[in-house]
Amino acid sequence: MKRVILVVIFCVGLISIAAYLFYDGRIRFNYPDRNEFPLLGIDISHHQGKIDWQRLREEKLSFVIVKSTEGGDFKDPLFNENWEACKKEKYKFGAYHFYSFCKTGREQAQNFMDVVPFDRHSLPPSIDLEFGGNCKTTKTDSVMVSEVRDFLILLESYYRKRPMIYATREFYQKYLLNDFRDYPIWIRDIYRQPKLEGRDWVIWQFANRAHLKGINTYVDLNVVNGKSLDPLLTTF
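Residues in the sequence shown are numbered consecutively from 1, following my numbering.
Honestly, the hints are just simulated from the structure, not real lab data.
Check the hints yourself; a few may be wrong.
Said to hold, decoys possible - DEER-style ranges, computed between Cβ atoms:
{"no.": "1", "residue 1": "R55", "residue 2": "T234", "range": "31 to 37 Å"}
{"no.": "2", "residue 1": "H46", "residue 2": "S157", "range": "24 to 30 Å"}
{"no.": "3", "residue 1": "E130", "residue 2": "I153", "range": "16 to 22 Å"}
{"no.": "4", "residue 1": "D119", "residue 2": "P38", "range": "23 to 29 Å"}
{"no.": "5", "residue 1": "R28", "residue 2": "S157", "range": "35 to 41 Å"}
{"no.": "6", "residue 1": "V145", "residue 2": "K90", "range": "35 to 41 Å"}
{"no.": "7", "residue 1": "T234", "residue 2": "R57", "range": "26 to 32 Å"}
{"no.": "8", "residue 1": "D182", "residue 2": "F101", "range": "18 to 24 Å"}
{"no.": "9", "residue 1": "N80", "residue 2": "Q173", "range": "32 to 38 Å"}
{"no.": "10", "residue 1": "R55", "residue 2": "E107", "range": "35 to 41 Å"}
{"no.": "11", "residue 1": "K60", "residue 2": "D200", "range": "20 to 26 Å"}
{"no.": "12", "residue 1": "K136", "residue 2": "D230", "range": "39 to 45 Å"}
{"no.": "13", "residue 1": "R120", "residue 2": "G214", "range": "25 to 31 Å"}
{"no.": "14", "residue 1": "K87", "residue 2": "K227", "range": "19 to 25 Å"}
These figures come from a predicted structure and were not determined experimentally.
Virtual Cβ for every residue (Gly too), placed ideally from N, Cα, C.
Construct the entire structure; sequences and hints are all you get.
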């Protein structure tokens, strides 16, 4: 009986350790093949705090996407600092907006355009579409899609690049599966390599609790579907 109890205690201990390592990002579900996906990048916001960009160089990143705005009036307090640092460090760089369900697409597009400067060398503007951390809304699906489209059209006209859509799998299945087919998709899936019905993804966010030199908090990791970001840099 004692042996059984010891085995149970041992197994519970192993499970607890494994659960902690997964929670803390020391172990993760995804390890993309760097030969297949050589371009590694991060997305950052004020939640990462002040970044030591000199130490971050050691991580050999290819691109950084910086949070700029949220909703109708929020500006990320570290956007300007992060944006300029990306240019100084010669990363491929871009900006993203966290889309609020409780503001109109036009209102949010104006917020983004007021904050993010036009730069022909930057990645296309990105819209972050997800349920987590968002507000509750009574908008119908058709209204939601219409307002997101307003946002995208305004940004495309201003920045002369087709915006990129970041989405969780849940949001993608509900709103994007049969719509916005002409827009590049940046998909989040921290459990497995994504396969999207009817189209390819451009960027895959494969981890959300990574530890990198120069950043004192968890950070998201992303890879590019291919060996170049140049197609996204084209203006019209």
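Assessment of proposed distance window 23 to 29 Å (beta carbons of D119, P38): The hinted range 23 to 29 Å holds for D119 and P38, with Cβ atoms some 24 Å apart.
CB of H46 to CB of S157, is that within 24 to 30 Å? At roughly 28 Å between Cβ atoms, S157 and H46 fall inside 24 to 30 Å, so the hint holds.
Distance restraint hint 39 to 45 Å, applied to the beta-carbon atoms of K136 and D230: holds (40 Å)
Could you check the hint for me, namely that K60 and D200 are 20 to 26 Å apart, CB to CB? holds (25 Å)
Measuring from beta carbon to beta carbon, are N80 and Q173 in 32 to 38 Å? holds (36 Å)
Cβ distance range 19 to 25 Å for K87 and K227, holds or violated: Because 23 Å falls inside the window, the suggested range holds.
Note whether the CB distance of R120 and G214 lies within 25 to 31 Å or breaks it. holds (28 Å)
Distance restraint evaluation - D182, F101, Cβ atoms, bounds 18 to 24 Å: holds (23 Å)
Taking the beta carbons of R28 and S157, is their distance inside 35 to 41 Å? holds (39 Å)
Pairwise beta carbon distance, E130 to I153, judged against the given window 16 to 22 Å: Since the Cβ atoms of E130 and I153 sit about 21 Å apart, the hinted range of 16 to 22 Å holds.
Against the range 31 to 37 Å, how does the distance between the Cβ atoms of R55 and T234 compare: consistent or not? holds (33 Å)
When you take the CB atoms of R55 and E107, is the distance between them in 35 to 41 Å? holds (38 Å)
This entry satisfies every hint, going by the numbered hints stated previously.
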